[in-house]
Each structure stands twice: as structure tokens, then as C-alpha cells.
Amino acid sequence: MWVITFLSVFHALRAEKILQKQGIDVKLIPIPRELSGSCEGLAAQLAADDVKRAVIILTTNKIEMVRQGVEVK
Amino acid sequence: MKIYLDNAATSWPKPEAVYTAMDRFQRNIGANPGRGVTQSSLASSALVLETRELLAELFHIDDPLRIAFSLNVTEALNVALKGILLPGDHLVISSMEHAALARPAFALREKGVDLTVVPCDSEGLLDVSDLAKAIRPNTKMVGLLHASNVTGTIQPIAEVGKLCREKEILFLLDSAQSAGVLPIDVNRQCIDVLAFTGHKGLLGPQGTGGLYVRPGIVVRPLKEGGTGSWARNMEQPDIMPDCLESGTLNTPGIIGLGAGVRFILEQGLERIRLHEQQLTALLWDNLQKIPGIRIYGPADLNARTAVVSFTVDNVDPNQISSALEADYGIVTRAGLHCAPLAHQTVGTIPGGTCRLSPGFFTSEREIDIAIHAIEEIARKYRR
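If you read the sequences in order, they're chains A and B. Residue numbers for the first sequence, in our numbering: 374 to 446. Residue numbers for the second sequence, in our numbering: 2 to 384.
These aren't lab readings, by the way, just hints derived from the structure by calculation. Here a beta-carbon is modelled for each residue, glycine too, at the ideal position from N, C-alpha and C. One or more hints might be untrue.
Unchecked claim - Residues on chain A that point at chain B, a partial pick, calculated with CB under 7 Å:
{"no.": "1", "residue": "W375"}
{"no.": "2", "residue": "L380"}
{"no.": "3", "residue": "L386"}
{"no.": "4", "residue": "P405"}
{"no.": "5", "residue": "V428"}
{"no.": "6", "residue": "T432"}
{"no.": "7", "residue": "K435"}
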């Protein structure tokens, strides 16, 4: 699965809202353990095909990301 | 029956939605926002985020996450002043400031910050050219109260903002008396740091407030602690809003504040302002007919908010305020209103004034009763 991670829970929640408005399906999940170095909190899980567009949308909306789309098992 | 005319101190009553939103949260959710990954915490976080978004809409802020919550505007102003200024920096304020800005400013002066207080005229208005003259090479910030809590005088903040931006000086606005009543646009008015309180014009509960910090400005936190983020690090995170929000937030209060701001956005600022102006006109036109009365601040309704301060010759304002409540059930506030500089400016030191501050829920009938009561009291005590 593909995830994007954020600086805080509030950033993740705001990202979820913005992406949903743009018609991208996201689900907030706890940050997968294998993403070492990340903070605790939430990640947005999304379809591989949507990652590129989601990162662009979030960048334009100035939502800072820690991992701009990474595949985890 | 109580007639409440002290909305400049705290607004009352609140919109029904404020009470129900807080009650619903306390009974049904109650979880700590921004902590852990449970759906309960997420539900809290989502509601807190919603309040940020509503505030961002009201103040025309692009990124709601640049808003950090605080206990009140006093805390927000303390964070802004003490978290930005260093010894050797120069701070400029006006002579109409409330203690919330003036006291931390004078405390910083003791620690080596240069401070200039620019005098305002007898109606409380700041002349922007006087402000321009006060600017020095080391001027770092201008801190200004948008509308006076003593006279209702509205300062020319767009001009001040423009001047500050040109001179590359930070503009800190204290919106305690204006948020929820006057239009505030952080971009158009060039506001770098906006401090607000939740319990006055924003119609939320006491114990809420916050500050907006323009992207690129770093504010050192006054307190460090748990933020729910970057938990492995022993250093405070530097991201907004987490860096300024250590410890559990006043979540029920913030949710109530959100309901208050939603009410304002639904009603529209213009409608709220118009109602308050009508009440102010009614007060002004009738009070000025009372022998021995003096009313302070500008007569022009567009130059003032719904704060009407008055004195009656040879009568202690506290006596008027006490009589208004004891004999007529009318709640007002007398004295110096935590703003001795402002009272000095308009010439009401040391006794202060009696202040009437109607709000959106005040009716014309209540104002009529208050006018009649003040007429009677003035007649009785002036003898």
C-alpha cells in the first residue's frame, strides 16, 4: 500500500479533507512501523495511481509532508 | 430580569449552538485531540481543526494550521511579544493599549527591549504619521489594539499594516474588541501576528483565544511540553501549531468557539455590525441630552465600536454602575477597564468611566430602559 505521512495529526486531518474534496479516496491509518524516523501519528493511505496527484494538491495547499508517497507492505 | 451591557468584558448570552456543541462533545466524545490513533481522538482533532478552519475563514487566513490556541488574548499577546522580541529590539505601541499588551511591553522594557508609546488624540485615535515618526532602525514590531475597550475608537489598521510592511516591521494586532464585529483580513491589512480572544465578539466561552502567525515568522514558545507529535524528540517541535500548543487544549471551549464563529459567519459581519451601530446611535443620541454627562470617543458611528463610555460631572462612575445594577438590573463596568494609558489619553484618570457595551443579542428595548435609568441616576446623584 501507498502512504503519505505528515508533521502532525492536524496536518493529516487537513490533508484528508483537502484530498477528499478533490475526489481522492484516502484513509487515515497509524503510521506503519517500518517507516522508521517518522513521528508517531497518522498516515494517509491511498491508491498508487493517486499518489502523484495527491502530492501535487497537498503541495499547492501548503500542507507539509514528511514522506511524499512511499510504498509499505 | 437582567440587562447585560458588558459585552466588551465578555459576551453574554452565547448563541444556543455554543452551549449544545460543548455539551455534546463533553458527553459523547470527550477524547484528547492530536493524541494517539483512536477514532475518539480523531473525532476530537477533527472538531478542533474545524474551529481553526472557521477562524481562518473569518480572518482570511490561507493556512488554518498557522493558528495556535491559547487561554485568551492576553496569553496570545504575551507569546507574540516575548516569543519574538529580543533585547535591543524596538517595540512601538499606542497610548490606547489595554494592559494585555501594555504590561508585557513594559515588562520587556525592563529586560532591554526599547519601547515607544505613541500618543493618540483625545478621542483615542492614532495618527499614522506620528507612528511613522517613532520608527527607528532597530524597530522590530508595532503592537496595536484594533478597537479601544474604553472608547470604542477604531484604529486605521490597514494604513498601519501597509507602513509596517514597507518598513519591514512586524505588525501585531490585538483584536480583543474587534474580532467578530469588524472585518479583519490578515493579507489585505498586512497583519503578521493576529491575537484574538474567543469569549467576546467571537461568542465562544471564556478560556479560549489564540494567535495567527504569518508563514516565515518564528515565535519561540513560552512553554514546552507534550504536543502529541514528534514524541521521540526531547526538543519542542518547531512546526505550527504544535510548537505553541503544549499540553492538553481547552477542547470543549475550542469546540464552543467554533460554534460561535460559525454563528458569526452565518449571520454575516455586516448584519452584526449594523445592529450594534443602531444600538450605539440610540445610546449616543439620548445620553448626550442628559445634563452633566460626558461621552468619550468619536461620535461617528463608523469610527467606533459599540463601546460607550461616559461620566456624569461630580459623580463616581462606580456609584453609577452599582446603582444601575442594584436598582435596574443593568450590568455595566466602571473604573479603568485595565487600560490606564487609554484613560489618561482621553482625560478620565483617575476615576475612569462607566462603560456600556451592548452586543448582538441586546435589544433596542433594553437600551431604552438603560437610557431611562441613567437619566434617573444622573438626576438623583448630581444634586
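Need the list of violated hint numbers for this structure, in ascending order. Result: hints 1, 4, 5 and 6 break, sorted rising.
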